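Colleague: Listed below, chain by chain, are the residues.
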Amino acid sequence: MEEIKIDLKNLVKRVDTDKMGDFITYDESRCDGCGRCALVCSFNLWSLKEGKARLAPNYREHCLECAGCWEICEAEAIDFWYPKGGTGVVIEYG
Amino acid sequence: MEEYDVVVVGAGPGGSMAAKTAAEKGLKTVFLERGREPGEKNSSGCGLGQRWWKDYPELMEKIKDLPSARKVEMVVINLFDEHDRLRYRSGTTGSDLCANRWPGGMDGVSVYRKDLDPFLAGLAVSAGAELRTSTLVSDVIMDDGAVTGVKTEDGESIKAGVVIAADGAMSTMARKSGMRNRWGGGCTLVPQLDFSCDSKRMDDVIGNAEWVWFGPLYGTYQVNFRDGFHIGAGQWLRPDWDDKPLDMMKKLVQMPPFQAMCRAIDAKPREYQAHLLPWLKKPPKTYTAGMMLVGDAAGFPCPLEAEGIWHAITSGKIAAQTAAWALSKGDVSERKLTEYERRWKASDLGKEHEFGEEFVNLWDASVFDPKLMVRQVQLLLEFSMLHPFSIVFDWGDAHMDCFNQHLEHFLDLIPEFGEFGSTYLKPMARGIWPRNVKHVLLMAKPRVPVLKHLSDERYFKVMARLSKKIAPFLDPGAKQDAPLPRGSL
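Top to bottom, those sequences are chains D and Y.
The numbering of the first sequence is my numbering, which starts it at 1 and goes up by one.
The numbering of the second sequence is my numbering, which starts it at 1001 and goes up by one.
If you are wondering where the hints come from, they were derived from the structure by calculation, not from laboratory data.
Careful, some of the hints might be misleading.
[Claimed, not checked] Taking lysine to aspartate or glutamate pairs in the EDC-like style, the calculated list, with each CA pair at most 16 Å apart, reads: (1) 84/D - 1037/Y; (2) 1268/Y - 3/D; (3) 84/D - 1154/Y.
Note that the structure is predicted; figures quoted are calculated from it, not measured.
All chains, full assembly: derive it from the sequences and hints.
Modeller: Spelled out as structure tokens, the structure:
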């Protein structure tokens, strides 16, 4: 029998991603370039360029809304609030 | 502006229980959920443990019949060695004490949140609470330092006699009211991977059990539902952290025994989630003027195994009862709401958190220390060789020689845990009930030549004089079935 393979990006359901609004805000001037946001994100939506973190512009389409990036950011450069009610990730088997 | 006695933010288990309790007390109550329906924004292990039978039997009678429910009668621990070989499978929670505690010998129930959350919210609605879905609360209304209501993202203001914040680990209410911001090291991130399965094959292969996969570099829980399961692995989000929690889980998925299990129950990856889970030594302040925090928002998950739903509904209930009391007195000041903390600390919830520091330190230093875990797995495997079944099946030499070789190996491993034991296990000794210490001493008494003729009372007095370490347990004033206070040993 075939080995189980996992394609995580296809295992997340979302609704109305165009209506989610901006739920992650990032203050580059506070960023100390530690890179932990990049490490914590399941879908690599944060990357490090020239000593500063960058958030993928299309993060709404992939973000799990876990807020790991907010919690790990000691410099408090990242703020996370929930997306608009009734939009975003839908967990059917949580 | 609409006005309610109680506004509950969040319709997870904590919020629904708070809304239900408040409505039953005749308070005008609304609870606000950001999802299109309760449960669709929530994930957790969601194995509802034994205590639910003790505290919420009327709920458990119904929860056990929800569509995704699976009974839990034991926990199967799968132990890997440092070479990734599956070496040991063991069951826990299987003693006759566990089996006879609750109706039908049922220890617990695992159920998906899509079943549990709407069920609990439905009870609150039946009790008279108003539920609003797809409603995101984005701010608190503050008046002279006190929380007096909430604002939705659409700009609606809702006035509240008391706000109960059940809005999860990232609690907007706690943050906007200035109670706290990040957890700052006390919070874990838990990726969770769900699989669909053939339910009949699960009955045959998995049975009524939770599984745990445990090895030197990972510890992953597997919660089993009627026709699916999910695995999850949490890790504290701290600066020294240098790995993705997700990688632990990916590693487990590649393990041949895990793949074999998947084949046997026709498991297919179905959903991926990740959530924050506060796992704290001590919950921070849980109230401010006009507002109480419950569940994950308050940092209540169990400091030993991080189960949080019982803690959420228990704190939700206590918060609503406190709200009713404070409103009846016409005083919801911060000073008045200290009553909330007093009540939860005096409840079973507080009892669990009494050992928060010891429990979290223990985990931190053991499961989350890969080097020690290699040795710990060896110790556990060797320990498992010392019970009669194992010795029967080790035929490497004459049986009594085998026994002695294993005993020798086990004794050789123990000193490596000396420092670990004195640092992390010893502080928990105060948790042993005095009457159990007395029980052991009485078992030894007939074998102690000089003391065996003394009365029990006199014998305990002599023993207390002989050992300062056991003296606090023998103090006539010590409560017989409760831990000794911190620092008493």
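Colleague: Take the hints in turn and mark each one as holding or not.
Modeller: Checked hints:
1. 84/D - 1037/Y: With a Cα-Cα distance of about 14 Å, the restraint between residue 84/D and residue 1037/Y holds, given a limit of 16 Å.
2. 1268/Y - 3/D: holds, 11 Å
3. 84/D - 1154/Y: Distance of about 9 Å is within 16 Å: holds.
This entry satisfies every hint, going by the numbered hints stated previously.
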